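2 protein chains.
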Amino acid sequence: ELPGWKHVRDRLEATWTFDGHLQALVAATGVGLLSERRNHHADLTIAYNKLTVSVTTHSAGSKVSAKDTDLARAVSALLD
Amino acid sequence: ELPGWKHVRDRLEATWTFDGHLQALVAATGVGLLSERRNHHADLTIAYNKLTVSVTTHSAGSKVSAKDTDLARAVSALLD
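As they're listed, the protein sequences go chains A and B.
Each number in our numbering corresponds to the 1-based position in the first sequence with 1344 added.
Each number in our numbering corresponds to the 1-based position in the second sequence with 1344 added.
In isolation and in its complexed conformation, chain A is listed as follows (with noise of 0.2 Å):
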């Protein structure tokens, strides 16, 4: 249902590879927007060209929940 997220311990994780740094830092800017609109924030990772998006819900005690599918489906819609 949310192709390229996986469940990693209680996070929901996915990674983008693109063609340079700065790419990948203007991706990260466009999740933050999502993040923002939401006000439910992912944790962004940039290791030079690779930007890896991991979210959970901490007041859920750090579960996956909707809001973290929501935002995860949103991100993918901006990234895919």
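One copy or any two copies: either way a pair holds, since identical chains are not told apart in the list.
No more than 27 Å apart at the CA atoms, straight line, and that leaves these computed lysine-lysine pairs for DSS-like:
| no. | residue 1 | residue 2 |
| --- | --- | --- |
| 1 | 1407 | 1394 |
| 2 | 1350 | 1411 |
| 3 | 1407 | 1350 |
| 4 | 1394 | 1411 |
| 5 | 1394 | 1350 |
In case anyone wonders, no lab produced these hints; they're calculated from the structure.
Everything numeric in this text was worked out from a predicted model, so none of it was measured.
Fit chain B to the given chain A structure using the hints.
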């Protein structure tokens, strides 16, 4: 010599806290510009309003090198 930076295993790391998520992403993009100029890239982690910058030199056997301390100094000059 590099206030705020710590040796963590074979890396130099520092964390900054900003007013919000988008400010942290803008700061990360600034670090990315410094990295591109040097062709030496820090790993960047953004967790809500915190940005962690982590540098190592893979070609030096993942040790801290002069490239790392140069980048760290430039990042501090940008963000401190």
